[in-house]
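Asks: As a plain string of letters, each chain reads:
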Amino acid sequence: MKEKLLDIQSLKKNYGKNGNVTKALNGITFQVLDREFLGIMGSSGSGKTTLLNCIATAVHPTEGEILLNGEDISAYKGKRLAEYRGKRIGYLFQNFELLDNLTGRENIMLPPAIQNVPEKEGAARLAQLAEYLEIEDILDKFPSQMSGGEKQRIAAARAMILNPDMLLADEPTGSLDSKNARSLMEKLSLLNQQDGSTILMVTHDCNAASYCSRILFIQDGRIFHELRRKYPKETQQDFYERILSVMAQLGGGSANVL
Amino acid sequence: MFFKLVLKNGRRSRKENGLFFLSLIVSIIAFYIILSLENQDVMKFLLRMESDAVNKIYRLLPVLYGVSLFLLFFLVYFAGKYQIERRSHELGMYLMMGMRRSKLFAMMMAEDIFNSIFSLLIGIPIAIFLSEMISLITAKVVGLGIIGHRFTLSWKAVLWTFIGFFTIKFFAMLLFSGSVVKKEVISLLSDTQEKKQKRKRRGIGYVQVIAGILSLAVAYYTAIRGNAWESPLRFGMTVVLGIAGTFLWFHGAGLLLELTFRLKKTNRGLSTFTFRQLQENVFLRPASLAVSSLLILAALCCFGYGMSVSLEASGSEAHHIDYTFIDYSQSVPDKETADEEPSVKEILKNTGLDAEFSQLFEVKTGMPDDENAFSGEGFRRAVNSLGNSENVQSLSESLEYFTTPYFISLSGYNQILETDGKAPIELSGNQAALYSDQDFYFGERLDLLNEVLSQNPVIELNGVPFELKDQVYQTNLVVDRSITLALGVIIPDSVYDRLVTRNSDSYWNAVLKENLVQKEGLMQAMMGINERLNQTSLEYESYLQNMGRQLFYFIALGYITIYLAVIFLIIANTVMGVQFLMHQRKTGRRYHVLIRLGSSYKALCKSADKQIKWYFGLPVLTAAVSSFFGIQALFAGFISMEMKTEVPMLLKLGCAMIILLVVVEFIYIAAVTRLSRRQLLGMIENKREE
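Going down the list, the protein sequences come from chains A and B.
Counting from 1, position 6 in the first sequence corresponds to residue 6 in the UniProt record's numbering; the numbering is continuous, with no gaps.
Counting from 1, position 453 in the second sequence corresponds to residue 453 in the UniProt record's numbering; the numbering is continuous, with no gaps.
Just so you know, these hints were derived from the structure itself, not from any lab.
Keep in mind that this is a model prediction, so the values were computed, not measured.
A portion of the hints provided could be inaccurate.
Unchecked claim - Once the Cα atoms are required to be at most 25 Å apart in a straight line, the calculated DMTMM-like pairs of lysine to aspartate or glutamate come out as:
no.: 1; chain 1: B; residue 1: K606; chain 2: A; residue 2: E83
no.: 2; chain 1: B; residue 1: K469; chain 2: B; residue 2: E400
no.: 3; chain 1: B; residue 1: K15; chain 2: B; residue 2: E85
no.: 4; chain 1: B; residue 1: K264; chain 2: A; residue 2: E171
no.: 5; chain 1: A; residue 1: K77; chain 2: B; residue 2: D609
no.: 6; chain 1: B; residue 1: K602; chain 2: A; residue 2: E83
no.: 7; chain 1: B; residue 1: K610; chain 2: A; residue 2: E119
no.: 8; chain 1: B; residue 1: K602; chain 2: A; residue 2: E119
no.: 9; chain 1: A; residue 1: K4; chain 2: A; residue 2: E171
As the list claims (entries may be wrong) - A few chain A residues that face chain B, going by a derived Cβ cut-off under 7 Å, partial list only:
no.: 10; residue: E97
no.: 11; residue: N101
no.: 12; residue: E106
no.: 13; residue: A113
no.: 14; residue: N116
Beta carbons: idealized from backbone N, C-alpha and C, even for Gly.
Using the sequences and the accompanying hints, generate a full structural model.
Replies: Rendered as structure tokens:
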């Protein structure tokens, strides 16, 4: 049995004040297990990015707890907060968020530098990741000289360089064409399976979601459905089709009900 | 609604770009002060004394004003351009919401006019106040006293400040607004105007750096050798080489930064990011950095030059005589009318003016009747006995003309010494004393002269040996500092009367009564006496006129060069500051990413502080190095002999320049650091809320 890495307890996030409150998250509870590849899906405005931002400590939740290995991350402040952001989670953004005045290598080596990790350690990990992600040739290029896929793979290496407990990915394929998207998902899947990295990915791309081992569907700030890929008998194609049908229900079905 | 929007936007841009706004106010103040120069007490006083020279300066003022306007346009253009770029998204939104382009244009112009009026409303009162203060302080410093100071408001200066300021703002705004309004909406909306990372080919960069250093070296060399002043062509060459060198240096500086960064082993914390930010700043804007650096250089040179001139003028000797009258009744016996001429004493007595003076005494100077009466051979031998150094040689050479010196009668000179509070000279039968003017013998040359005199060398008068006293006397003979004697010989009256019978000049020196000066102030008292003296036939020179001449140089050059230095410094620093802050704002997303990667606000501030220090440091240091040579060139070309030999003066000057630079840069760096921190905090907080 896999261990529980992240425990989210009745998480709520409200925007706005007084009579004009929007409930982005309305009491979400779920767990992320160690070495899991968890997907979170939902239509836009469903609260999935807010959820990810809460876990990444980019937003403060209004209520509820987020426990990482039993510790409440909302209690983190100052140095511990910076360490959490830098070392314990890796974040993959939809639009890569590479610093465009730094080369690929410098971008990847930024978190070790910030966290004062010895350069040798970082360099060894970089060599390993570069091989995994096939980015050896573009390490010394500037982002403006890279394709979208290359940029996202550099960003993935940056997110993984410090061996975080968990990789948070916010629509990582959102800015990529289908070919690059598939290639990125294959790499992430490889990292998950071979390296044992835990990945929490928010997406509305069913294709990308089909690489996950479990998917949570969110609607109006609540968990609406859960899908598990049945290993080993279920193929990725079958899982993809199951996801599609849930999405149809989510978009079309509930709209019709309402 | 439209007006409300204009007011709101105006207020916001003042708040967001406070540094730029403040600099505009400072330039308004500078404009008013230079334009209202005519109203300054000292200038009004000078106009009565030295009207020709002052009018020349007044004619120069419009040129100075024009130059400042042009430079200010440079500032407004650079700072304004970034401000508009930053608002590009917002302006695009107005268009998307259906605002007509003409209306958008009108709105931007109205905002600018509103802000201009606002800065004028703040700037003009401060300017008037400061101008009055400067007027009072300079009057006090130069000893005019504050009697007769009247508050003056120069409407002409206010008007021209308005006109000049509005003109440049209007033209700059016309340029930006025009370019913004013409743009496609989508290019306004997509705020990503980040330039692609320029990867310069290394070879070109290094060639630029080396060419830059070489041309700067040649320019420096010709500057300190003083060759630069030999001909206009050479001067032009030096200036062109210096400017080109600075530009090339900044074009290649990015690569040099990279090289030093590569040599540094540890890349802990945000050092890579800090370096890349800085490099991008330098890469993207080598031209404006070079211009800023050249402006700082110009400011330092102007300041150094202005200071040296003021120091030289204010270091002039203390005054002890108020008036010198020339007595024609005795001096020109061969003139037919001489006998009819009444003496100075008589005229003063007849007009009752003698009652105003506490002292009135005669000093006689003249050339001996016999041209060959004097021999300075013994004196020259004593000089040559001191060795063969450069100073001795130059002194010896200058003594070759010491063949027919002026003689000064002892009694008159002793009275001068007495008014100056010095001990009189005592000469026994065969003794004489050496007189020299302070403008000719000072510093090392003076020391050398005194060393020679300590041997009591002997001169001959009509074949009779006279021993020289062991020191040089330098108290001025007459009030007029334009009458100078390089070397004179003070001799006992009996000897004087024997040797000089035909070519004797008689000067009457007078000192005003102390109670008169105390009652009315020196300036007023002398003005009153001058008016009465003008009605007589007396030829006279007063301390006031003499001071006027000196003050003119002091005020005019000091004022103008220091004024220019301030304008240059303000413009250079503001351009750098505004550009840095704009770049930081434009790359705000990067700071946001760093926070997400686990960087703390403190680490970001540290990185930004470092960037600011280097960003300002590079042009400032370049300018400081260049100014070292620039000042030397100014010394070689412009400054008097006196300054060249006085090392402490150079030192003082250097210190003053360094202090000025350090103070100004400290203020600017502190201001930019504060603004940068506030900006960083704002950016981070905004992102968190999203």
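Asks: List, from low to high, the hint numbers that the structure doesn't satisfy.
Replies: 4
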